[in-house]
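**Student:** Use these hints to put chain A onto chain S, whose structure you have.
Line order of the protein sequences matches chains S and A.
Position one of the first sequence corresponds to residue 1 (my numbering), numbered consecutively onward.
Position one of the second sequence corresponds to residue 1 (my numbering), numbered consecutively onward.
Each hint should be verified, as a subset may be incorrect.
Copies of the same chain look alike in the list, so a pair counts if it fits in one copy or across any two.
Cross-link-like lysine to aspartate or glutamate pairs, in silico, EDC-like; alpha carbons within 20 Å at most [said to hold, decoys possible]:
| # | residue 1 | residue 2 |
| --- | --- | --- |
| 1 | 16 | 46 |
| 2 | 212 | 31 |
| 3 | 16 | 75 |
| 4 | 79 | 15 |
It should be emphasised that the hints constitute simulated quantities derived from the structure, not laboratory data.
As a plain string of letters, each chain reads:
There are 2 protein chains.
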Amino acid sequence: MKKESGIILALDVTDKEKALEVSKAVGDIVDAVKVNYPLALSCGLEIVTELSKSAHIICDFKVADIPNTNRLIVEQAFKAGAGGIIVHGFVGHDSVESCVEHAKGGDVFVVTEMSHPGGQEFTAKVAEDLVQVAIDAKATGVIAPATRPERLKLIRERLPDNMVVLSPGVGAQGGKITDVFDAGADYAIIGRAIYDAEDPRKAAESFVEELKASK
Amino acid sequence: MKKESGIILALDVTDKEKALEVSKAVGDIVDAVKVNYPLALSCGLEIVTELSKSAHIICDFKVADIPNTNRLIVEQAFKAGAGGIIVHGFVGHDSVESCVEHAKGGDVFVVTEMSHPGGQEFTAKVAEDLVQVAIDAKATGVIAPATRPERLKLIRERLPDNMVVLSPGVGAQGGKITDVFDAGADYAIIGRAIYDAEDPRKAAESFVEELKASK
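Extracted from the complex, chain S is given alone in its bound form (with noise of 0.2 Å):
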């Protein structure tokens, strides 16, 4: 994905006619749709591949496992039709490498510190190392939290001006999309804001225009 602001829509849903029903709404306005892997589960990988007829899908499955076992799960994932996945850096270099050496050219994007309460734990603690952990295995970009901007900002900073910065976190978990630009991010990801919107396009059209007013 090429470094400038967007949004993403996180379809958190598990059934796959709403899936379905509100990628296909707002497939052409957001940059991208991610895929979690309740949705994968339930649905099976060929959710991503009917997703990617009418939007770039990211996986979002937190990849966090050995390299090689990293490495059959993203194969399997760009086979389906991913655009990007999305991986955890904690379980060190080698793992990380694997995914982006395997990702062939797709991206690959490395969770740093994660937004909800037990993200504070461990995650938070050494997120400039997982940063470092994904300017070292050429990832595309990061994940930072949007509610938690001074750390959002201080993430971006670490990173080269080439890597992406996707941030959670906006609409009904209470950030604003012009602050999460400000503090750093490029891309918006946006859930229940824009899924659970009484009109799914009409929500993602409101942000494409917040984001269009803040340039």
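**Tutor:** Leaving out everything else, chain A in the frame of chain S:
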């Protein structure tokens, strides 16, 4: 799972026929069969259901997300027929507690120190804290490396007696089954040395005999 010495097959294959064949051959000898994401993604979660007919299944999904996503993954694994699940502790107490709560009496094992080189970078440094997460969350037990017996011993000492230790690294990775039990593991996780053997059943039986002889 009960706290007793036993053997777990790591079914690290992605081919459905091979998985079913090996599991059927050894399902009544080993105490459990561990299924990882590459297999579940390649075959769909139905493979867990099918394998659970002839063996006790532990889903090695290294679950590592926020509490609500963890809940959805755990619910689907157990609904598919898993008897246990492996989760990461570094995502913090709330994420692990969510897994234990939604396993509803099924087994939850928490990853502590990982055995690959990258496991030394982050997980090894906080291994004792990860053990504490497992204890606090009332998990069934932990995963600790047989390839580092002195570390396994330390992790075992931190755990209450009723908690179970599963250890990978026996067989093809060089660990001896007797060393693993001596260091305090309850179950030895064995992969290639069984599923890649010319006769997987015979290979599993010889491990069981080795185990009995060591008692």
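**Student:** If a hint holds in the structure, say so; if it does not, say that too.
**Tutor:** How the hints compare with the structure:
| no. | hint | result |
| --- | --- | --- |
| 1 | 16 to 46 | both (11 Å within a copy, 16 Å between copies) |
| 2 | 212 to 31 | within (14 Å within a copy, 58 Å between copies) |
| 3 | 16 to 75 | between (23 Å within a copy, 17 Å between copies) |
| 4 | 79 to 15 | between (22 Å within a copy, 16 Å between copies) |
Violated hints for the displayed structure: none, as all numbered hints are satisfied.
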